[in-house]
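A.B. asks: So the sequences go chain by chain: A and B.
Reading the first sequence from the start, the letters are residues 1 to 349 in our numbering.
Reading the second sequence from the start, the letters are residues 1 to 349 in our numbering.
No wet-lab data here; the hints were simulated from the structure.
Treat the hints with care, since some could be wrong.
25 Å max Cα-Cα, derived DSS-like pairs, lysine-lysine [what the hints assert, rightly or not]: (1) Lys265(B) / Lys339(B); (2) Lys307(A) / Lys279(A); (3) Lys21(A) / Lys271(B); (4) Lys123(B) / Lys234(A); (5) Lys173(A) / Lys10(B); (6) Lys271(A) / Lys197(A); (7) Lys197(A) / Lys141(A); (8) Lys339(B) / Lys279(B); (9) Lys141(B) / Lys198(B); (10) Lys173(B) / Lys10(A); (11) Lys345(B) / Lys307(B); (12) Lys307(B) / Lys257(B); (13) Lys123(A) / Lys10(B); (14) Lys227(B) / Lys279(B); (15) Lys10(B) / Lys21(B); (16) Lys10(B) / Lys234(A); (17) Lys339(A) / Lys307(A); (18) Lys324(A) / Lys271(A); (19) Lys21(B) / Lys234(A); (20) Lys10(A) / Lys265(B); (21) Lys279(B) / Lys257(B); (22) Lys70(A) / Lys21(B); (23) Lys345(B) / Lys279(B); (24) Lys123(B) / Lys123(A); (25) Lys10(A) / Lys10(B); (26) Lys21(A) / Lys234(B); (27) Lys10(A) / Lys123(B); (28) Lys265(B) / Lys234(A); (29) Lys349(B) / Lys123(A); (30) Lys198(B) / Lys175(A); (31) Lys234(A) / Lys175(A); (32) Lys271(B) / Lys227(B); (33) Lys10(A) / Lys175(B); (34) Lys198(B) / Lys173(B); (35) Lys10(B) / Lys227(A).
Part of the chain A face toward chain B, derived, beta carbon under 8 Å [claimed, not checked]: (36) Phe4; (37) Glu32; (38) Pro37; (39) Val41; (40) Val44.
Even for Gly, the Cβ is constructed at its ideal location relative to N, Cα and C.
The lines below spell out each chain.
There are 2 protein chains.
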Amino acid sequence: MSYFRENIEKMAGYVPGFQPKTSDVIKLNTNENPYTPSPAVLNVIHNLSGEQLRKYPDTLGGMAREAAAKLNGVSPEYIMCTNGGDELLSIAVRAFCDEHRPLAYPVPTYSLYPVLAEIQNAKAIELPFDAEFNLPSALAKTDAALTIVCNPNAPSGSFTSVDELASLADELKGKSVLLIDEAYIDFAPANCAALVKKFDNVIILRSLSKGYSLAGLRFGYAIAQPKLIEGLLKLKDSYNTDAVAIAVATVALNDQKYFRANVEKVMAERKRLTSELRKLRLAVPDSSSNFVWAKCSRPSAETVYNKLVERNIYVRFWNSPGIKDNLRISIGTPEQNDKLLAALKEILK
Amino acid sequence: MSYFRENIEKMAGYVPGFQPKTSDVIKLNTNENPYTPSPAVLNVIHNLSGEQLRKYPDTLGGMAREAAAKLNGVSPEYIMCTNGGDELLSIAVRAFCDEHRPLAYPVPTYSLYPVLAEIQNAKAIELPFDAEFNLPSALAKTDAALTIVCNPNAPSGSFTSVDELASLADELKGKSVLLIDEAYIDFAPANCAALVKKFDNVIILRSLSKGYSLAGLRFGYAIAQPKLIEGLLKLKDSYNTDAVAIAVATVALNDQKYFRANVEKVMAERKRLTSELRKLRLAVPDSSSNFVWAKCSRPSAETVYNKLVERNIYVRFWNSPGIKDNLRISIGTPEQNDKLLAALKEILK
Chain A
1 MSYFRENIEK
11 MAGYVPGFQP
21 KTSDVIKLNT
31 NENPYTPSPA
41 VLNVIHNLSG
51 EQLRKYPDTL
61 GGMAREAAAK
71 LNGVSPEYIM
81 CTNGGDELLS
91 IAVRAFCDEH
101 RPLAYPVPTY
111 SLYPVLAEIQ
121 NAKAIELPFD
131 AEFNLPSALA
141 KTDAALTIVC
151 NPNAPSGSFT
161 SVDELASLAD
171 ELKGKSVLLI
181 DEAYIDFAPA
191 NCAALVKKFD
201 NVIILRSLSK
211 GYSLAGLRFG
221 YAIAQPKLIE
231 GLLKLKDSYN
241 TDAVAIAVAT
251 VALNDQKYFR
261 ANVEKVMAER
271 KRLTSELRKL
281 RLAVPDSSSN
291 FVWAKCSRPS
301 AETVYNKLVE
311 RNIYVRFWNS
321 PGIKDNLRIS
331 IGTPEQNDKL
341 LAALKEILK
Chain B
1 MSYFRENIEK
11 MAGYVPGFQP
21 KTSDVIKLNT
31 NENPYTPSPA
41 VLNVIHNLSG
51 EQLRKYPDTL
61 GGMAREAAAK
71 LNGVSPEYIM
81 CTNGGDELLS
91 IAVRAFCDEH
101 RPLAYPVPTY
111 SLYPVLAEIQ
121 NAKAIELPFD
131 AEFNLPSALA
141 KTDAALTIVC
151 NPNAPSGSFT
161 SVDELASLAD
171 ELKGKSVLLI
181 DEAYIDFAPA
191 NCAALVKKFD
201 NVIILRSLSK
211 GYSLAGLRFG
221 YAIAQPKLIE
231 GLLKLKDSYN
241 TDAVAIAVAT
251 VALNDQKYFR
261 ANVEKVMAER
271 KRLTSELRKL
281 RLAVPDSSSN
291 FVWAKCSRPS
301 AETVYNKLVE
311 RNIYVRFWNS
321 PGIKDNLRIS
331 IGTPEQNDKL
341 LAALKEILK
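With the hints as extra help, turn the sequences into a complete structure.
C.D. replies: The following block contains the structure:
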């Protein structure tokens with residue numbers, strides 16, 4: 001017998017990207033930022049006191065909540081701080097979905113969404129993007145209680161315009177919450193933050209893991225109208241973001257100059273890597289994120305992946321229908337990208 | 001209309017203890033350790049690198065998982081690291097409970113348990129302790145899928161023996177998981193870690209917030225047989241414990257000398273405070289935790305609480321049936337306890 005609920009017992013669980021234990025590898029598999037965070041971040045950490053660690057942190061994220069609000073032109077009541085963007089996804093699925101209230105999203109996308117639906121014993125309605133990664137029009141017509149659009153999308157790197165998402169929010173209004181997962185928005189041409197003022201059913205997800213180089217720290221936040229935020233807050237743990245994360249997120253969000261320069265460097269390398277990969281005859285669509293989505297034909301994506309691993313280079317490969325012909329490659333430093341390109345030249349010749 | 005599930009819409013949410021914004025108060029309301037963490041902890045934090053923050057942390061807690069395993073004489077497969085003990089409680093309720101699978105616990109106890117049941121739309125079976133805080137025998141006879149015993153219990157500070165909890169685990173075997181919430185165990189005469197070897201239905205909860213003075217950091221863990229741990233892991237976020245928490249928890253768990261000395265100081269003050277409060281004619285049972293549970297008769301607990309607030313001293317008061325005659329007072333430093341006692345002398349005279 002099992003002590004677990006039946007849906008938990010039979011589910012497999014999410015498999016995160018491989019984290020090599022050694023540092024002598026080129027790690028382009030989990031979309032980390034290749035550059036370290038702002039020096040202001042390390043300054044804060046290196047001056048932390050025992051007193052800050054001894055006491056419980058602010059339950060709402062304190063100064064970091066205010067910094068996120070200011071950055072997005074809203075009041076703090078529009079913000080909920082979370083232990084990474086993943087915690088917001090988990091909270092939202094628990095808040096809106098259950099066995100009678102489905103979750104909907106276009107596919108292929110972040111493979112955590114179906115896992116969260118399984119945990120909640122909710123139906124997952126998966127609607128395919130078209131070949132150009134346009135939103136499926138049926139997404140506005142489901143009976144889902146929560147609709148998630150990852151934008152820019154992972155693993156495709158494609159971007160849906162703010163106008164299209166505004167139309168979707170409008171169609172879903174009164175029926176479904178639209179969560180726009182903007183984990184990769186720092187590398188995109190626009191963002192949807194302004195939609196929360198207009199729509200009572202929109203939640204924006206943000207993360208400091210990518211553009212702010214803070215994947216190790218776990219800090220994300222939601223932007224939504226106060227009525228949605230108040231409901232979501234009921235589900236979070238009292239002290240979900242810790243004192244270090246709050247202190248660090250505050251200075252990271254406030255150091256927009258470093259952030260901008262960091263993002264520009266990644267975007268310049270994205271342009272170069274895309275162009276060089278195309279020269280190697282890989283099909284690489286334009287990316288609005290910090291990774292590219294490269295289609296391999298001969299040899300197969302799996303073979304290329306394995307041959308890169310032999311050279312201590314890790315990219316992301318999923319042996320799943322619809323995405324098994326592609327590799328998702330995080331943008332590295334110029335040196336890392338050069339090594340990747342040199343290896344690919346050998347493998348593809 | 002509401003976008004939320006009905007149970008979420010109608011619930012109130014947990015209310016954590018008040019966190020004053022200023023530091024000129026005597027804060028004895030949330031059971032923090034009055035002493036700062038091990039110097040080894042600050043040393044680790046002050047030497048953190050940008051590289052550690054840039055990359056995702058180990059998804060299973062890495063070195064901290066190993067340190068927790070070693071400390072408890074089990075292999076790492078028996079450990080799940082969590083973002084504070086609260087995250088383990090949330091994960092356990094989601095893993096085992098739903099509208100057909102109740103949660104059971106003796107009361108009064110940690111007031112988060114019924115909130116977690118509400119989120120999961122699960123029935124909460126509340127069985128009262130007797131006047132001496134003995135476990136209700138009916139706790140072994142419910143149809144709960146998960147039974148939680150907080151030991152030492154909050155807010156009473158009472159301790160149930162390992163033998164009694166072993167008997168309960170045995171009675172529940174094959175029917176219900178027994179989660180023993182040992183958040184306060186560092187101040188108690190014994191612990192239940194050994195029960196996980198014998199019982200496939202026991203989960204032990206541990207926290208670094210109290211004995212290790214790390215409430216600000218959020219690090220807790222579960223001890224249970226690998227089969228239970230594997231199931232629980234499916235529900236946690238991929239990177240639930242951050243890189244700083246993992247690094248810090250590792251050295252904190254390994255510095256048992258500092259930990260022991262810190263706990264001894266708190267226990268010595270607990271003995272003195274208990275004795276002094278009794279001299280003021282408050283009924284104070286022996287505590288096995290880092291707080292005492294003082295019964296007030298004249299003036300009422302609420303009046304005493306308010307008069308302490310006027311003097312910038314915060315203890316915990318709940319205006320709830322069964323516990324509204326008591327104050328829960330965290331053990332402070334000797335100086336803080338002296339100020340509390342002086343204030344109480346005035347208030348109670």
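A.B. asks: Against the structure shown, which of the earlier numbered hints fail to hold, in ascending order?
C.D. replies: 3, 6, 12, 14, 15, 20, 21, 25, 28, 29, 30, 32 and 40
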